[in-house]
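Peer 1: Residues per chain, in single letters:
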Amino acid sequence: MPQTASTGAKPAVLVIEDERALAEEIRYELQAEGYPVALADTRAEGLRVARAGGAAVLVIDRMLNHEDGLSILEALREEGNPTPILVISALSTVDDRIRGLKAGGDDYLVKPFELRELTARIEALSRRIPDSRATRLRAGPLEMDLVERSVRRGDRRVDLLPREFKLLEYFMRRPNQIVTRAMLLEDVWNYKFLPETNVVDVHIGNLRRKIDAGGEPRLIVNVRAAGFKLNADD
Amino acid sequence: MQTTDVLKSRAFRLSLAFALAIAAAATVVFTLIYLQFSAASEQMVAARLTDEATRALNESDGELRAQITQRLASDLRRLDYAGLFDPNGALLLGGPASLPSIRPDGRPHLVASGPVRDAGRPDQAIFVAVRRADGSILVLGRSLSEIDDLRGTVARSLALALAPTTILILVIGAFFARRAQRRLGSIHAAIAEIMKGDLKQRLPVTSEVDELDRVARGVNLMLDEIWRLLDQLRHIGDDIAHDLRTPLAVARAKIERGLERGSTIGELRAAMAEALVHLDRSAATISAFLRVSAMESDRRERSFGPVDLSAVCAGLFEFYEPLAQSKSVVIALAAPRSTLARGDEDLLREAISNLVDNAIKFTPEGGRVLIAAAAADGRATVEVSDSGCGVPPQDREDIFRRFYRGARDGAAPGYGLGLSIVAAVAKLHGFCLTVDDNGPGARFVLRGESLQLDSDEAARDIGAAPPKRSKASA
Chain A
1 MPQTASTGAK PAVLVIEDER ALAEEIRYEL QAEGYPVALA DTRAEGLRVA
51 RAGGAAVLVI DRMLNHEDGL SILEALREEG NPTPILVISA LSTVDDRIRG
101 LKAGGDDYLV KPFELRELTA RIEALSRRIP DSRATRLRAG PLEMDLVERS
151 VRRGDRRVDL LPREFKLLEY FMRRPNQIVT RAMLLEDVWN YKFLPETNVV
201 DVHIGNLRRK IDAGGEPRLI VNVRAAGFKL NADD
Chain B
1 MQTTDVLKSR AFRLSLAFAL AIAAAATVVF TLIYLQFSAA SEQMVAARLT
51 DEATRALNES DGELRAQITQ RLASDLRRLD YAGLFDPNGA LLLGGPASLP
101 SIRPDGRPHL VASGPVRDAG RPDQAIFVAV RRADGSILVL GRSLSEIDDL
151 RGTVARSLAL ALAPTTILIL VIGAFFARRA QRRLGSIHAA IAEIMKGDLK
201 QRLPVTSEVD ELDRVARGVN LMLDEIWRLL DQLRHIGDDI AHDLRTPLAV
251 ARAKIERGLE RGSTIGELRA AMAEALVHLD RSAATISAFL RVSAMESDRR
301 ERSFGPVDLS AVCAGLFEFY EPLAQSKSVV IALAAPRSTL ARGDEDLLRE
351 AISNLVDNAI KFTPEGGRVL IAAAAADGRA TVEVSDSGCG VPPQDREDIF
401 RRFYRGARDG AAPGYGLGLS IVAAVAKLHG FCLTVDDNGP GARFVLRGES
451 LQLDSDEAAR DIGAAPPKRS KASA
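So the sequence lines, in the order shown, correspond to chains A and B.
In terms of my numbering, the first sequence opens at residue 1 and continues consecutively.
In terms of my numbering, the second sequence opens at residue 1 and continues consecutively.
Just chain A, with the same shape it has in the complex:
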């Protein structure tokens, strides 16, 4: 059930989806997570609300009752609107995905999706990733030096394999944020498929064993039915 909202007010989300039932489910889930949600079910209505501003993240269905949802993206991007956009679609080939991202989408999710996956992606989009030029990352007791490629937890040095380092870096750039298995596969491994085995969990398990020594509290926790989260609160 809904997480307790961790820090402050969540940004507003505009969902442009013509399938009423799905739109309502998305609204229910997002509101339960603390996001204010507005719904629009046509291209014109969606464009109007999006242009009015106020939404920090847009969720746009690619096929809106025979109207092309991608044209909303193109119109907004042409007007210089930088609002992060998540495209949801029943079209799943690589070509479709590429077209969706090229039109100005920031992320692409194929129907049917888990609502938790959607929430996690919206959260990722609504947060600005910390300056990528930074050479040091810090999250709770964890400290990462991107130049020396070294990691410390408090005073203890943590030795990681290159892949584990990359995995932890991904979490440390998204503290307190839900990260799904699909996001990890896409972004850390650059794999565009979901293995049927729990191979990602095994990688996380190995990483955990290295960063949580002895009786230290767990930093990367499982989020039921969604994925993982790096607890960065001291």
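You can take every hint at face value.
Calculated cross-link-like contacts (lysine-lysine; reagent style DSBU-like; alpha-carbon spacing at most 35 Å):
#	chain 1	residue 1	chain 2	residue 2
1	A	Lys192	A	Lys210
2	B	Lys427	A	Lys192
3	A	Lys192	A	Lys111
4	A	Lys102	A	Lys10
5	B	Lys8	B	Lys200
6	B	Lys200	B	Lys427
7	A	Lys210	B	Lys327
8	A	Lys10	A	Lys210
9	A	Lys166	A	Lys10
10	A	Lys166	A	Lys192
11	B	Lys427	A	Lys111
12	A	Lys111	A	Lys166
13	A	Lys192	B	Lys327
14	A	Lys102	B	Lys427
15	A	Lys192	A	Lys102
16	A	Lys166	A	Lys102
17	B	Lys254	A	Lys192
18	A	Lys111	B	Lys327
19	A	Lys166	A	Lys210
20	B	Lys254	A	Lys111
21	A	Lys166	B	Lys327
Think of the hints as simulated: they come from the structure by calculation, not from any bench.
The hints should help you fit chain B onto chain A, whose structure is shown.
Peer 2: Here is chain B on its own, set in the frame of chain A:
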């Protein structure tokens, strides 16, 4: 068939145009002949008359009169004129009856409305008049009626030749048009049947091998192919219906039982969670089905490029190693040199990943999984073998069929979907995918044409150094 159909048909209109062209050409030729002939004849007559008149000037009066008389006497067809007039224009000898109104200058003149000789037909004649020394006028002339007759003959033969030719061409055109129309009519009828949904209907073909026949045969072959594809689609539809209905039926049953018997939140939750697993499975089936059909219908090789299968295998080895370790399965990689092939790297990685995923899933604790890639004799080979329960010989073809679920699927779900994707990727790349006995276990082999590149090009195109390792871990 309607007559208007024939008249409107292309064959008939073509023959009509052809007939018109023939008629026009013939008219031009005949007209030229006619004009040339007329001019030449008239010139000949005029020259002779002028010549004779000039000579007559020197004759004595008596001699001239004798010649006129003789000339008229010998002109049986009465085409010639020869007359002597006194200075006042009164006829002295011969004819015509009155002096033609021409100047006695010794030149030929065409007299348009000469005296009428044959009933009703105005005569035309050429006259030459000369004034003699004594003031009398000699008139010589010749009627053109003979030439007119010849002209008429020429014009008549033109008409006579033209009309039947044109009619013949049109009749032949109509005949062919009618024949073509009749065949088109039967083809139209067949197409109408096909459009009504009778895809077994075929276009009629004749024994001759003309253009229409070739088209009809081509269309029939196309219909055969469409019929074959539809048939295939129907089977696929049956398969997918089965594979979707089963998890949907299970999910429905779970929810139904939860609603009927679940008395606590915990029981309801358990039922819902179980239902969700089966709904997810049906969604996964749809996704896999769509991906496989997209790959099968989309034969574009747009994203194809050189792929180092050894590097792909090495990446997957690294990815799956922790999973194998957690299951106490020994996983090994044997890909010492680069193995180049042409293809889509993401799809090939997904295919091999499915094989490795399956191998680890079906290998019991303490077992072994080997990932190997090698190029030899122009063939690139990727092999994923395990020491698990293997695939029974009778299932070895069926497991690559769409969404098949073998008996071993009962224990660990998802075998069928993964392999159907592997098979589709292999087919898209023109690779051959086989499974055989690994004694014990299964060995899946993906084999395709290897790509020969010189090493510089390979390194540049792939952008990564080929892996030079062979390692194993437990």
